[in-house]
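Engineer: Let the sequences and hints guide you as you build the complete structure.
If you're matching them up, the sequences are chains F and G in order.
All residue numbers for the first sequence refer to this note's numbering, where the first residue is 1 and numbers rise by one.
All residue numbers for the second sequence refer to this note's numbering, where the first residue is 1 and numbers rise by one.
Careful, some of the hints might be misleading.
Put simply, identical chains are the same to the list, so a pair is met inside one copy or across any two.
As the list claims (entries may be wrong) - BS3-like, lysine-lysine: derived pairs with alpha carbons at most 27 angstroms apart: (1) K254 <-> K7; (2) K403 <-> K7; (3) K283 <-> K254; (4) K7 <-> K78; (5) K78 <-> K40.
Because the hints were derived from the structure by calculation, they are not lab data.
This one's a predicted model, so the numbers in the text were calculated from it and none came from an experiment.
Number of protein chains: 2
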Amino acid sequence: MKDIPYKIYLTEQEIPTSWYNMRADMKNKPAPLLHPGTLKPLTFEDMQPIFCDELIRQELDNDTQFIPIPEEVQSFYKMYRPSPLVHAVFLEKALGTPAHIFYKFEGNNTSGSHKLNSAIAQAYYAKKQGLKGVTTETGAGQWGTALSMACSYFGLDLKVFMVKVSYEQKPFRREVMRTYGASVTPSPSMDTAIGRKINEEHPGTTGSLGCAISEAVEVATSTPGYRYELGSVLNQVLLHQSIIGLETKTACDKYGIKPDIIIGCAGGGSNLGGLISPFMGEKLRGEADYRIIAVEPASCPSFTRGKYVYDFADTGKVCPMAKMYTLGNGFIPSANHAGGLRYHGMSSVLSQLYADGYMEAISVEQTSVFAAAEQFARVEGILPAPESSHAIRAAIDEALKCKETGEEKTIIFGLTGTGYFDLKAYEAYNDGTMTDYIPTDEDLAKGFATIPELNL
Amino acid sequence: MKDIPYKIYLTEQEIPTSWYNMRADMKNKPAPLLHPGTLKPLTFEDMQPIFCDELIRQELDNDTQFIPIPEEVQSFYKMYRPSPLVHAVFLEKALGTPAHIFYKFEGNNTSGSHKLNSAIAQAYYAKKQGLKGVTTETGAGQWGTALSMACSYFGLDLKVFMVKVSYEQKPFRREVMRTYGASVTPSPSMDTAIGRKINEEHPGTTGSLGCAISEAVEVATSTPGYRYELGSVLNQVLLHQSIIGLETKTACDKYGIKPDIIIGCAGGGSNLGGLISPFMGEKLRGEADYRIIAVEPASCPSFTRGKYVYDFADTGKVCPMAKMYTLGNGFIPSANHAGGLRYHGMSSVLSQLYADGYMEAISVEQTSVFAAAEQFARVEGILPAPESSHAIRAAIDEALKCKETGEEKTIIFGLTGTGYFDLKAYEAYNDGTMTDYIPTDEDLAKGFATIPELNL
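Structural biologist: Here is the structure:
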C-alpha cells in the first residue's frame, strides 16, 4: 500500500451530493414505528406534531435509494467535510501486524463527532418549514453541541434538555452550546409536566436520557412553531450519516482499497449505520461481501444480550414504539460506565440487518476500551472519544489476530470523535480507579420487565 | 476567487521538507542571548547543560537559510499536517465585506495548537542525542500537551512543571499529558530548590510561568541525561514553526492568492514568527511587500507598550537574558485576563523586525476578542482558542475597514488552535462577567522596575 497517502482527503467535488438509503436495498424492511396508543404503524399525520414534515418523509421512505442532499446542507458540509480516511500506519507498526488498518475520522469539527452530519440536515428542514425553533435532549452533550452549531447557522432557536448530572458535571459542552446561542436546561426541570412529575416522584434525581427526551418532546409538541429533533436511532439519522460511508467508499475506490472487515461502535446506531451503508448496500444486492462488526459496551449490550421486540424509545413513554434490540426502556447502565453508548435500544434498520445475519456484534469492557484508546492516542496522535474507542479495541484485536495468522486483511473502522470533553473518564483510567461492569442476568431481567407486552 | 476550494489541503508531497530561517535574510540580526553572570553572549558550551546540542546549533545559526527537516519529524508531521488554509467564505458573507479572508488552521491535532510543530522537532533531537528525557513548564497546558505527545512518540521521559493554579483549575489538559505518559508536577513544588524557596517566601502561592520555567531548568540541569525544552520565544522554535508559513505560502502560490495583510497573535511569538516567515523573507529581500500585524492583549502589551532592552527570560532569573520587547520579568498580567498570551517578553527575532519597522503591532481588549471568537465560531464552525481569537479580532476589523472603503484586500490570519480547554473563559463571556484590563502606566512602571540595569 505504498501509493496511498497517510490521510486521504477527497476533493470538495468528490463529496457525495446524495445520501444513500440502505432500506431501499433491504428485502426485509425495518419494522415501522408504532403509535403507543393504537399500536398501529405511525402515519405521516401522527408524526407531524413531533417532527418536521420532510424528516417524516425520510423516516417513512423505505424505497428511494438516493436522496439528494440540499445545496445549503452541502455548503455547510464543506465547512468540515470531507473528513479524512486515515491509513493507520503508526498503529500498524506499533502492533507489528500485517493487517492494513484505516479509520474514517469524524472528530475534526467543534461538535467533536459525526453528529453534525445529521444536525445540519435536521436544522435545514426545520428552517425550510418556517419553524421558529427546535428542541432536543442531550446526555454528555455531543448531539446538543452539534445541533446548536446547526441551529446557529440557520438562525433557529434551540432548547436543549441536558441530563442534570451531565449539566452539572460537564459544564464545558454546555458552554459550547451557549456560545452557539442555545438555551440549555437541566433535566428533569420544573418547566414541563413530565419534568415536574419526575422531580416529585424522585426528589433529587440527577436525570436520564429517557427523561430528557420526554421533556424535549413535550415542549416541542406544546409550543407553536417548534418541533423535536433526535440525534440517533431514527431511520432519517442513518440516512444523513450515510455521508460517512459514501465518502469512505469513494476514497476506497479511488485508491483501490477493499476492506475485509468494517467496524463501528454502536449506541443508537447512527455512526455504524452511516459508515457501513454503501458497503452493506453492496452486500444486500449481492455484489460484494464484507465482515461488518458492531461493537457495544459490555455494560449496555443491546445487540448481544437484548431482545428483538417492540419497546418504547424513551422512559417517559411519550415517544413512539420501535422494534429493535432492546434491554428494556427502564434499563440504565451502571453509573460507573463512563464510555458512552448508553442507550437501551438500537436502530430498527440495524436491528433488522443483524437479525437477518448481515452483520455481527460483539461487546467489550471499558478498561480494555480505554487501554485501546491510550495505545491509539499515543501512536496516532488523536485522543479518541470513549465511544469511538470501542471500535478501536475491536480493530486492534482483529489486527492482532492477523498477526497470528499472517493474514493481510484490510480493516476499516469509524473514529467517530475526540475525547476532549471526556477527560474525567481518562482521569479514572489514568488513576487506575476505573472498573468494569457487566450486568448479571438478574440485572437484565429487571430491564426486560419494563418492555411492554404487546399483542401484535 | 471561484476556483479556490473552501479548504486548501496540500498533498503530502507538497509539505515542505526544510524549515526556513528568517535570520539568514535579516540585515540586523537578533541580539544574542547573554550569560546572566558574565553578560557576554552565550556560547554553545554555556548552553549545553540546558539545551540539546542540535537545538543550540539552530539557536545560534543566523546564516543558514534552509535547514532540512529530519525524516522522522517529516513522518510525524504527516500525522496531522498539512494543516488546511481555509477560505473564510462564511465569515466574509456574515461581515458583508469585499475582503478575501483566509486562515491557516493549526488546531486539528490533540495538542489543540501549533505547538506540536516544534515539540516533535525538539523531542527528536533529544532522542537523537541519546537523552533519557526532557523537562518543561506549561501554563494552561498547550505546550505541555504537545511535548507529551512528541515524547511519547519517541519513547522519551517527560517531566512537566505546570503552574499550580492551572494544575488545579484545568485538570483536563493535565489528564491528556498523563495519558501520553508525562509526569505532571504542580509548580512551585517542593521537588526543587527554587520551588522550595518560592514556597517559603510566598506561602500559598499559585505559581507563575516564570517560576515553572525556573523549576524545569533546575531539574534538567541537575538530572543526568535530561535537558530543558521551551515552546516559544527562542529562535529555534520560530525556525520549526516556519512550517506554518511555508505551507501557507505554498498554498497561496498554488492558487494565486497574494495576501495584502498577514495577521497573527503574539505571546512569545512562535506562531506569528512561523506564519509570517516566508512572507517576511520576501520583504527582507525586497522581493515583495506585505502588511504584517502582530496582535497582543491589551493586558500584556509587550510590543505596544514594552521596552526593547535586555531582560531575564524567567522570574527566577536562572535563564539567559534576551534582548526583546519586555514588560519586565516581574510583570504578571491581571488574573482576570483569561485570553492567554501572558508572557512578559517577546521573541528576539520578532523584536528586531518590529524595531526595524518590518511589522506593526496592535493590542486588543479581551471582551472584544471573545466577541470576535463567538462570531467566528458561529459562522465558521470552529470554536477558537482565546489566543487565536486576538488575530480573528484584528482580521474582522481589517475586513470591516474594507467594507467601508470597498477595497478587495486579501487577509490571511493564523488560527493557532481550538478553545476546547478554555470553556471557563467562554463561560465568563457568556455570563457577561468577563471584564477588560488595561495596565496603568503605574502598573507598567512596577514591571519595568524588575528589568536589570545593565552596562553593556
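Engineer: Under a CA distance limit of 27 angstroms, which applies to K283 and K254: within one copy, between copies, both, or neither?
Structural biologist: For K283 and K254, the Cα distance is within 27 angstroms only inside one copy (20 angstroms; across copies 42 angstroms).
Engineer: How would you label the pair K78, K40 (within, between, both, or neither) given a Cα cut-off of 27 angstroms?
Structural biologist: Cα proximity of K78 and K40: none, with 41 angstroms in one copy and 55 angstroms across.
Engineer: Is the C-alpha distance from K254 to K7 at most 27 angstroms within one copy, between copies, in both cases, or in neither?
Structural biologist: Close inside one copy (13 angstroms) and across copies (20 angstroms); limit 27 angstroms.
Engineer: Check K403 against K7 for me: Cα-Cα at most 27 angstroms, and say if that holds within a copy, between copies, both or neither.
Structural biologist: Answer is within; shortest intra-copy Cα gap is 24 angstroms, inter-copy 38 angstroms.
Engineer: Could you figure out if K7 and K78 sit no more than 27 angstroms apart (CA to CA) within one copy, between two copies, both or neither?
Structural biologist: Classified as both: same-chain Cα gap 17 angstroms, cross-chain 8 angstroms, threshold 27 angstroms.
Hint compliance for this structure: hint 5 alone is broken.
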